[in-house]
Amino acid sequence: MQQFRCIPVIAVLIFVFACAFVPAQTSEPTICIAPNRGETPERCAAGLCDGGELSVQFDHRPRMQWPKDKSLAVTDLEPDVAHRVVVFRAGKPQQSFTFRFSEFKSDHLCLFLNDLYWTAQLWESKRAPWCKCK
Numbered sequence: 031m032q033q034f035r036c037i038p039v040i041a042v043l044i045f046v047f048a049c050a051f052v053p054a055q056t057s058e059p060t061i062c063i064a065p066n067r068g069e070t071p072e073r074c075a076a077g078l079c080d081g082g083e084l085s086v087q088f089d090h091r092p093r094m095q096w097p098k099d100k101s102l103a104v105t106d107l108e109p110d111v112a113h114r115v116v117v118f119r120a121g122k123p124q125q126s127f128t129f130r131f132s133e134f135k136s137d138h139l140c141l142f143l144n145d146l147y148w149t150a151q152l153w154e155s156k157r158a159p160w161c162k163c164k
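For the sequence shown, our numbering gives the first residue as 31, with consecutive numbering after it.
Keep in mind that the hints are not guaranteed to be accurate.
[Said to hold, decoys possible] Taking lysine-lysine pairs in the DSS-like style, the calculated list, with each CA pair at most 30 Å apart, reads:
#: 1; residue 1: 98; residue 2: 164
#: 2; residue 1: 135; residue 2: 162
#: 3; residue 1: 164; residue 2: 135
#: 4; residue 1: 100; residue 2: 164
#: 5; residue 1: 98; residue 2: 162
#: 6; residue 1: 135; residue 2: 100
#: 7; residue 1: 100; residue 2: 156
#: 8; residue 1: 135; residue 2: 98
#: 9; residue 1: 156; residue 2: 98
#: 10; residue 1: 98; residue 2: 122
#: 11; residue 1: 122; residue 2: 162
#: 12; residue 1: 100; residue 2: 162
#: 13; residue 1: 100; residue 2: 122
#: 14; residue 1: 135; residue 2: 156
[What the hints assert, rightly or not] The following label-pair restraints were derived from C-beta to C-beta distances:
#: 15; residue 1: 57; residue 2: 121; range: 30 to 38 Å
#: 16; residue 1: 67; residue 2: 110; range: 19 to 27 Å
#: 17; residue 1: 146; residue 2: 110; range: 27 to 35 Å
#: 18; residue 1: 110; residue 2: 81; range: 21 to 29 Å
#: 19; residue 1: 67; residue 2: 126; range: 33 to 41 Å
Just so you know, the hints here were simulated from the structure itself, not pulled from any lab data. In this text the structure is predicted, and so the values were computed from the model without any measurement. Ideal Cβ placement from N, Cα and C applies to all residues, glycine included.
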């Protein structure tokens, strides 16, 4: 009779070990935009020190205001294509770059203005604690 009591335990152990080797579902690619309160930097890239609102555009999507107080999550980005990011100051394009999620180890990225020269940077979110998207 003891043989039959072990069967459920063995089945549970097999299930647990099998789940450990199944790759986890990847979550939706996300870019978290870190807030920028609009402080005037001491040094910055050409055009970004000028006055006016900051905004950003992804691909051909509508332009959005750069967040000032809280991080902003951008979703619905295709994981397998090149994306173009354009940063605007006072409605004029100041910086642009392209990227692919495959260039990073994670598909959760942080877009922020680096405070050294006020240039747009895209890092993995785990390396950028100032991005606080959920």
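Results of checking the hints against the structure:
1. Restraint check: the Cα-Cα separation between residue 98 and residue 164 comes to about 17 Å, which is no more than 30 Å; the hinted pair holds.
2. Note on residue 135 and residue 162: the hinted pairing holds, with a Cα-Cα distance of about 19 Å set against a maximum of 30 Å.
3. A distance of roughly 19 Å separates the Cα atoms of residue 164 and residue 135; the hinted pair therefore holds under the 30 Å criterion.
4. With a CA separation close to 11 Å, the supplied pair residue 100 and residue 164 stays within the 30 Å bound.
5. As the CA atoms of residue 98 and residue 162 are separated by approximately 13 Å, the hinted pair is consistent with the 30 Å bound.
6. A C-alpha spacing of about 25 Å is found between residue 135 and residue 100, which places the hinted pair at or below 30 Å, so the restraint holds.
7. Between residue 100 and residue 156, the direct Cα distance comes to roughly 17 Å. Compliance with the 30 Å bound is thereby established for this hinted pair.
8. For the hint pairing residue 135 with residue 98, the CA-to-CA distance comes to about 28 Å; that is within 30 Å, so the pair holds.
9. The suggested pairing of residue 156 with residue 98 holds, with an alpha-carbon distance near 21 Å, which does not exceed 30 Å.
10. At most 30 Å may separate the alpha-carbon atoms for a hinted pair to count; residue 98 and residue 122 meet this at roughly 19 Å.
11. Distance check on the hinted pair: residue 122 and residue 162 sit about 27 Å apart at the alpha-carbon level, within 30 Å; holds.
12. As the CA atoms of residue 100 and residue 162 are separated by approximately 8 Å, the hinted pair is consistent with the 30 Å bound.
13. With a CA separation close to 24 Å, the supplied pair residue 100 and residue 122 stays within the 30 Å bound.
14. Under the criterion of a C-alpha separation no larger than 30 Å, the hint pairing residue 135 with residue 156 is consistent with the structure, at around 10 Å.
15. Separated by about 34 Å at the C-beta atoms, residue 57 and residue 121 satisfy the suggested range of 30 to 38 Å.
16. For the pair residue 67 and residue 110, the beta carbons lie near 35 Å from each other, so the given range of 19 to 27 Å is not met.
17. As the Cβ distance of residue 146 to residue 110 is approximately 32 Å, the hint placing it in 27 to 35 Å holds.
18. Here the CB-CB span from residue 110 to residue 81 is close to 39 Å, at odds with the stated 21 to 29 Å.
19. Between residue 67 and residue 126 the CB atoms are about 23 Å apart, so this pair departs from the stated range of 33 to 41 Å.
The structure fails hints 16, 18, 19 (numbered hints given earlier, in ascending order).
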